[in-house]
Amino acid sequence: MEFQPIVMAGGPGSRLSDLTVKCPKALLPIGNKPMVWYTINMLEKAGFEEAIVVVQEEHCEEIKNQLMDICAVKIRLDFFSLDDDEAGTADVLRILGEKDKIKRDILILSCDLITDVSLHNVANIHRTYDASATLLLSQLPSQYYDVPAPGVKSKKRLEKDFFGFDEKGERILFLTSEADVEESIEMKKSILRKHPCINIKTKLTDCFMYFMKKWVIDYLIEYKTISDLKGELIPHLVRKQFLKPKKSDKDLPKPDQSVIVETTKADILSFSKSEEYADEIRSMSTWIDHRGDMEDCFHCSKIRCYAYLQNEGVCLRANTLSSYSESNKQVGMGPVKRKVQKIFSALDIGKDKDVHIHPSATIKEKSQVGADCLVAEGALIGERVSIKKSVVGKHCKIEDKVKITNSVIMDHVTVKEGSNVQGSIISAHSLIGEKCDLKDCIVGNEQHVNPMGKYTNEAIVEVEKMMEI
Amino acid sequence: MSRGKGKQREDLKQEDVSQAVVIADSFNVRFGPITDRKPRTLLPVANVAMLDYTLESLTSAGIQEIFVFCCHHADKIKEHISNSKFSSLTSSTVSTIVSDGCMSMGDALREIHDKSIIRSDFILIYGDVVTNANLSSLLEEHKKSKQTRGNNAVMTMVYKSCPPRHRTRCQEDDVVMALETSTNRVLHYQKVADHRKFVLPKEVLSSNNEVTLRYDLLNCQINICSPQVPSLFKDNFDYLTRDDFVRGILENEEIMGYTMYIKVIQDQYAARISNLHMYDAVSRDILSRWSYPIVPDNSFIEERSSVTYGRHNVYLSNDVTLARGCELEKSVYVGRGTSVGSNTVITNSVIGKDCRIGENVKIDGAYIWDNVTIENSCRVESSILCNGVVLYDSSHVSQGCILSWDVKVGPSITIPRGTRLKSSPDDEEDDFGEDLPEADQATKENAHHFGSRSQAYLFRLTQDPTDSDEEEEDQLIHDMFGLEIQSESESDTETDLDESSEDNIMGDDMDVFYTEAIDTLKKYKNLKIDGTSTENLKFEINSLKHSYNINIRDLYGLITKAIIDLPMREDANLDGNQLLSSMKQNLTKYQALIKNYVRSGESQMDCLHSLEDFCQTNEKVQSLFMKLLHHLYDLDILSEQAVIKWHGLPPMGDNTELHVSIRKQVAPLIKWLQEAEEESSEEDSD
Chain A
1 MEFQPIVMAG GPGSRLSDLT VKCPKALLPI GNKPMVWYTI NMLEKAGFEE AIVVVQEEHC
61 EEIKNQLMDI CAVKIRLDFF SLDDDEAGTA DVLRILGEKD KIKRDILILS CDLITDVSLH
121 NVANIHRTYD ASATLLLSQL PSQYYDVPAP GVKSKKRLEK DFFGFDEKGE RILFLTSEAD
181 VEESIEMKKS ILRKHPCINI KTKLTDCFMY FMKKWVIDYL IEYKTISDLK GELIPHLVRK
241 QFLKPKKSDK DLPKPDQSVI VETTKADILS FSKSEEYADE IRSMSTWIDH RGDMEDCFHC
301 SKIRCYAYLQ NEGVCLRANT LSSYSESNKQ VGMGPVKRKV QKIFSALDIG KDKDVHIHPS
361 ATIKEKSQVG ADCLVAEGAL IGERVSIKKS VVGKHCKIED KVKITNSVIM DHVTVKEGSN
421 VQGSIISAHS LIGEKCDLKD CIVGNEQHVN PMGKYTNEAI VEVEKMMEI
Chain B
1 MSRGKGKQRE DLKQEDVSQA VVIADSFNVR FGPITDRKPR TLLPVANVAM LDYTLESLTS
61 AGIQEIFVFC CHHADKIKEH ISNSKFSSLT SSTVSTIVSD GCMSMGDALR EIHDKSIIRS
121 DFILIYGDVV TNANLSSLLE EHKKSKQTRG NNAVMTMVYK SCPPRHRTRC QEDDVVMALE
181 TSTNRVLHYQ KVADHRKFVL PKEVLSSNNE VTLRYDLLNC QINICSPQVP SLFKDNFDYL
241 TRDDFVRGIL ENEEIMGYTM YIKVIQDQYA ARISNLHMYD AVSRDILSRW SYPIVPDNSF
301 IEERSSVTYG RHNVYLSNDV TLARGCELEK SVYVGRGTSV GSNTVITNSV IGKDCRIGEN
361 VKIDGAYIWD NVTIENSCRV ESSILCNGVV LYDSSHVSQG CILSWDVKVG PSITIPRGTR
421 LKSSPDDEED DFGEDLPEAD QATKENAHHF GSRSQAYLFR LTQDPTDSDE EEEDQLIHDM
481 FGLEIQSESE SDTETDLDES SEDNIMGDDM DVFYTEAIDT LKKYKNLKID GTSTENLKFE
541 INSLKHSYNI NIRDLYGLIT KAIIDLPMRE DANLDGNQLL SSMKQNLTKY QALIKNYVRS
601 GESQMDCLHS LEDFCQTNEK VQSLFMKLLH HLYDLDILSE QAVIKWHGLP PMGDNTELHV
661 SIRKQVAPLI KWLQEAEEES SEEDSD
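Heads up: the sequence lines are chains A and B, in that order. Counting in UniProt numbering, the first sequence runs from 1 upward without gaps. Counting in UniProt numbering, the second sequence runs from 1 upward without gaps.
Keep in mind the hints are simulated off the structure, nothing from the lab. Errors might be hidden in some of the hints.
Stated by the list, open to error - Interface residues of chain B toward chain A, partial, derived using beta-carbon atoms under 7 Å: (1) P163; (2) P164; (3) V192; (4) D194; (5) R196; (6) K197; (7) F198; (8) V199; (9) L200; (10) K202; (11) L205; (12) S207; (13) V211; (14) L213; (15) D216.
From the three backbone atoms N, C-alpha and C, an ideal C-beta is built for every residue, glycine too.
Modelling step: build the complete structure from the supplied sequences, incorporating the hints.
Shown next as structure tokens:
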């Protein structure tokens, strides 16, 4: 294969902390599947035969088990367990590089990406421009992030990134996050001269899918200060695109005594080796990436960052509470249901669009389960139950006269008679007492909510954990 | 034409009459001294007055009321219009507004506001714009867009897309704009000519989903304004130019709610002749037919009816006399009644009416107006020769010169680059055209003779003693249109520098500066060094200094070094005495230049240190070092105090060995100097 896929499934899920106490982030269910499955499934569909999955050591077995046994993944997975849970995403790449795991150009994916983008579209951009790094950006998600999140209300807003593109909207010329900008953004005139028309978009989300040249890993091994991929490495590469190659000695004026003697490390440009004939082919070809001047292709810059913009379809990163609960809904229903079903047509999710209820689930009389719901195997649903826009996990027991709307009910949850659950996430093995009323709440693993309880915008999680906070 | 679509009643009222305001004054003296006698808008471009181009595009677009606003030489403009076809058109009325006290476009608009002649949206254009754009459709578009943009859209500025460094892009109009991508609304506007960076305020990005930064726009100086524009100028007396206006509108956008948009034209031509460089560029564009149908062979001006168009863009009027063997290479326009002698070669030039051009003349990139006489074996490069100029035998006019009305030079003289000459010595009748506060002055330079039969006086902008002369130099450099190629290569290297600045090392700048300086010196090698050329050389080096941001103290050393280095670079095999003599020659030749920089004791020390460094890298120099010092001393560049002080300094770097050996080498000189000093001080004390 041309690319070596690496799935980053070792993240702590810090923004989903109420849910990840007992369950690693990668295994949080979305539409009754662990979220990492979607990424792996996408690779499988694209024809990849093997992938490296980076996981935390403690969760390794569990994830392996889930993927191999329960989801029956066919692709060959090489689990790489990390013993350091502080390592950033770029650190992970460095470790992989040092262990000599990386043989080719790489494709990095996050475990929380739910998308129907065709990988070959992104890869084609990468190939066309012989790019150093290619990103997948999407303008879709902002609508999902703005929905109210369950649990304790926070005032955190989605961080904006500013992406500057060239005229064609493919090359990234400039990248900065809004938080890093104080008052103004400076742009060098030399960049403007090469790219006199720059388009800056502010509503894009980096989907954490990167095609990258192998030399970038070599560079990471040499320069150890970079630890984050999205926040440090990518902006670094984008900036270095306009680095001018240092003049070799023979170009310098000879009797030049005023030069400061340099003791340089090999700079980034010396890492970026192009393939043997690539430069030559380019110089002979009439193809050029710009117009308006007589410069060579790419203005001779050796580092090039490009992006593929996804404008339609599904693209979500389930990395916040709101986007997590939203992605559950999106997968199960809504306007994008059919698309998702098409992509994830494996197993029980909608091979046939009516089968949103697993055959082994039991639903008693006079209950209503909306077509936009998913009910997993072995679920027991009592009488006069109403379930709308929700996902019900395996072996759940929903007793009579329960109302569930806009919620995620994970596996082995019991909801007692007469309760009302709205816009909430109920983690596995929890028990909701009789006639509870939960609105926009998070219920942690193995929690018991007392009967008659009324909660709004609360996180009902383990006490010890609360103490820690 | 407006009737046809007048469905909306409210628009009907507005669209009754289409108006345009032509500012027929430039409010500056860039074309001095030519503009002493004629306003800029009446100067010929491809043998037609600039104003005629503007009026032609307005009238052919069907603009009904055209107001020509003139201050300087208003009578001449009036006369010109009344003699032209524009005074007798039935579709359009062309009227002049005269105001003497106007100093800027802002003043003009205030005046227009007071006269309350503007009734609807109007075109605001300079009188020196050449365009083939469809102005009426631009006006229509502006009017229509108000429905979506609201009545507060006060101005649509017309730009042409055109990559940076295009010949027709005026350097002063080096602007980066931030636009709202979907609407082309102007969000931010910055002139970047003197900056290395474009600064975009954060809120522009935070409050917009998509922003386009554009650096590929050529300012056509055509603006479609809403009727409230003159009153906005009236309200803000500090608005002098359109730039002030744009800035003001953007700054107060939140308070006043006015917005501005741009319109980018792709296939049409529009450019303003705002300086000499643009004069050159636009003339070339017209000859190479970018501005079609505004081309010499199109008879929109009556007298042109007789021009024929040949291949290689050669335009000939019908009664031109061409002698056998003369060659019109390409892009040449020869006017009525002109004769060209044999073996004369002309390229990229415009020649006016009734000129006499002799034999064996070479003309390249020159603009020769009417009644000019050029005698045999003359050479003219990239210059403007006004009406009545005479070049006597074998004269040579270098690039970027202006020979104003009736100047006579020669015979057998070379006019150095960028010289501006006028025919009358000085002027009690301070008749300067477009005078600015820093009004120019012609200086009597009796020292300059431009040939035995010459009638020419040097014209220069005022030296303002209080101000450092940097600005003025910049101005001059901008204006020397002959030097375009060089200025481009300058900016080229600057670009490269920019890129490296992330891992910036000081040395880089110096290296490039040094090579450039050497190149500059080489260029002057074959020229005679006299007052003017030293001045010019100084300008060039100063401008290099600015563009590479060289510390003045580094400059002292670098210049001296470059002059010494020059012979070695030209011939690496030179040795010993040969080398020494050529170095000495160079030093003597450029002593005026060095002295200009190396004056104070401090600068002499810098110079010495730099030479010492030079020795460390170059053995030849090291061996000749003492003799060079001696020569510099003889030339009074270095004083004995400086040399002695330098000699006594402890080693600076780590190369103590060399330090000692150099000190040893120059010891005899020092001894001699000390003795000489003692002697002189003894003498003094006597």
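Hint-by-hint comparison with the structure:
Interface hint at P163/B: satisfied, since its Cβ lies 3 Å from the closest Cβ of chain A, which is below the 7 Å cut-off. Annotation: P164/B was flagged as interfacial toward chain A, and the flag holds, the nearest CB pair being 5 Å apart, inside 7 Å. With its C-beta approaching chain A no nearer than about 6 Å, V192/B sits inside the 7 Å limit, and its interface hint holds. For D194/B, the interface hint is violated, the least distance from its beta-carbon to any beta-carbon of chain A being 10 Å, above 7 Å.
Contact between R196/B and chain A, as hinted, is supported at the beta carbon level, the nearest pair being about 6 Å apart and thus within 7 Å. With 7 Å as the threshold, the beta carbon of K197/B comes within range of chain A, its nearest partner Cβ sitting at about 5 Å, so the hint holds. Because the closest C-beta pair between F198/B and chain A is about 5 Å apart, less than 7 Å, the hint holds. The beta carbon of V199/B is positioned within 7 Å of a beta carbon in chain A (closest approach about 5 Å), and the interface hint is therefore held.
Below 7 Å, beta-carbon pairs count as interface contacts, and L200/B has one with chain A at about 5 Å; its hint therefore holds. For K202/B, the suggested interface contact is upheld, since its CB lies about 5 Å from the closest CB of chain A, less than 7 Å. This hint holds: L205/B has a C-beta 5 Å from the nearest C-beta of chain A, less than the 7 Å allowed. With a cut of 7 Å, the hint placing S207/B at the interface with chain A is violated, because the nearest CB-to-CB distance is about 9 Å.
With a cut of 7 Å, the hint placing V211/B at the interface with chain A holds, because the nearest CB-to-CB distance is about 4 Å. Among the interface hints, the one on L213/B holds; its C-beta lies about 4 Å from the nearest C-beta in chain A, closer than the 7 Å criterion. Satisfaction of the interface hint for D216/B is found here, the shortest Cβ-Cβ separation to chain A being roughly 3 Å, below the 7 Å cut-off.
Hint check: violations occur at hints 4, 12; the rest are consistent with the structure.
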